[in-house]
Amino acid sequence: MATAAPTPTPRLTAPAPRGACPFAPPPAYQQAHREEPISRISLWDGSTVWLVTRHQDVRAVLGDARFSADAVNPGFPFLSAGARELASGKPTFIRMDDPEHARLRRMLTGDFMIKKVEALRPEIQRIAEELLDKMIAGGSSADLVRDFALPLPSLVICLLLGVPYEEHDFFQECSRVLLRRDADPAQVRAAQDSLVDYLAKLTESKRTAPDDGILSRLVARGELTAEEIGSMGRLLLVAGHETTANMTALSVLALLRNPEQLERLREHPELIGGAVEELLRYLTIVHSGLARVATEDVTLGGVELRAGDGVILMLNTANRDEQEFPGGDDLDVSRDARRHLAFGFGVHQCLGQPLARLELQIALSTILRRLPGLRLAASFEELRFRNEMLIYGVHELPVAW
Amino acid sequence: MLVHIDQDKCCGAGHCVLAAPEVFDQRDEDGIVVLLDARPPAELQQAVREAADVCPAAAIRLEMV
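Chains as they are written, first to last, in our numbering: chain H, 1 to 401; chain E, 1 to 65.
These are computed hints drawn from the structure, not numbers from a lab. It is possible that some hints are incorrect.
Said to hold, decoys possible - When the alpha-carbon atoms are kept at most 20 Å apart in a straight line, the in silico DMTMM-like pairs for lysine to aspartate or glutamate are as follows: (1) H:116 - E:43; (2) H:116 - E:22; (3) H:206 - H:173; (4) H:201 - H:173; (5) E:9 - H:212; (6) H:115 - E:28; (7) H:115 - E:30; (8) H:115 - E:25; (9) H:116 - E:29; (10) H:115 - E:43; (11) E:9 - H:97; (12) E:9 - H:64; (13) E:9 - H:98; (14) H:116 - E:28; (15) E:9 - H:100; (16) H:115 - H:227; (17) H:115 - E:29.
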């Protein structure tokens, strides 16, 4: 039996500040989760939307076709001015609903299927070893983000797409602008345009000089224009750069802060698969929430939502939900965390997750094996956390060994 | 247990292959789910239930027969 919607007075704002523990969701959202798990919240532009914090409700919305990911729907909530600016351009499939979303996504699902990704294992392992060789040869301390966590997934996604890695300063700068919550809309547009232009030109060059990368394969299908391929390539390139990079560095930091868990993983390297799922759950680096809009009236968790209501789904509180993960505020590398929502849920669930899993398993196990004396080389309090970015993490991670 | 899959719904996330590789595979050309065993033996049924539970697209339906 549905109850009436609570008073539509916004109590919270997004984004909310973090509390004392930089790994935990903002205290204001945790409080909402305990007291009013589906509550009203006001966004940067003054609009009022629903904040959904429980595991069961987040999963329900993401699996329900009555909630749209398409920003053309009235009431769609934008998490920043930059996000609104991007949505005014040509959308990629993450901002589409089925069947158009499925048509475009299926052009890529074959590239990220389990056995294709597994076949990359030796190559990714080789890249990890080489980066660590170079880092270790450079002395007894380094910035793990700059020297390992970022170049590893960057090299891999460039290889998969058929993009020359030598241009990485350019893509990484564009990625940083696109993922800033506080970026100026004009800067976002310029970064977006220059990245798509670059990839569209690169795509054109593949017509005469094809390789076995994804861009060439999309050209060969003959269904998309160079600009459409450039736009899809932009999505993959940005997603491939920042997500695994931040998960790697933040995971190392979380393990250093939980030395008994780190020891456990060193002593039992076979736990790495489950440990990666637990780190994904515990850290939830997509920390700003996912946006959807109801296209019909829907009753969710006993609350009535109207067609046109915007919804922000907090993956981080859902992944700490005690109903689903008892003791969820603790990192436990032997927990069964497979029902976590760090990659989202529903038909939009992260396309690259098999690749992300493999990269994280290789990155973390290789670091643990090769750097037995690994320690933080700065005080924890000095670290700069990525509160202002759409993907959470640390800007630098000074380590010594 | 009788397993049904809906290839139109599948989004190619591959959880089913990780959970129960004896029962599910992915089509080479596009990663869409392929059913290897519609009547899995008792010892695989828990893994199949997990596969159905974590499938983000609800593309796996289980019928108890």
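Tested hints:
| no. | hint | result |
| --- | --- | --- |
| 1 | H:116 - E:43 | violated, 28 Å |
| 2 | H:116 - E:22 | holds, 18 Å |
| 3 | H:206 - H:173 | violated, 24 Å |
| 4 | H:201 - H:173 | holds, 19 Å |
| 5 | E:9 - H:212 | violated, 28 Å |
| 6 | H:115 - E:28 | holds, 9 Å |
| 7 | H:115 - E:30 | holds, 12 Å |
| 8 | H:115 - E:25 | holds, 9 Å |
| 9 | H:116 - E:29 | holds, 11 Å |
| 10 | H:115 - E:43 | violated, 24 Å |
| 11 | E:9 - H:97 | holds, 13 Å |
| 12 | E:9 - H:64 | holds, 12 Å |
| 13 | E:9 - H:98 | holds, 10 Å |
| 14 | H:116 - E:28 | holds, 9 Å |
| 15 | E:9 - H:100 | holds, 13 Å |
| 16 | H:115 - H:227 | violated, 30 Å |
| 17 | H:115 - E:29 | holds, 12 Å |
In summary, the numbered hints that this structure violates are 1, 3, 5, 10 and 16.
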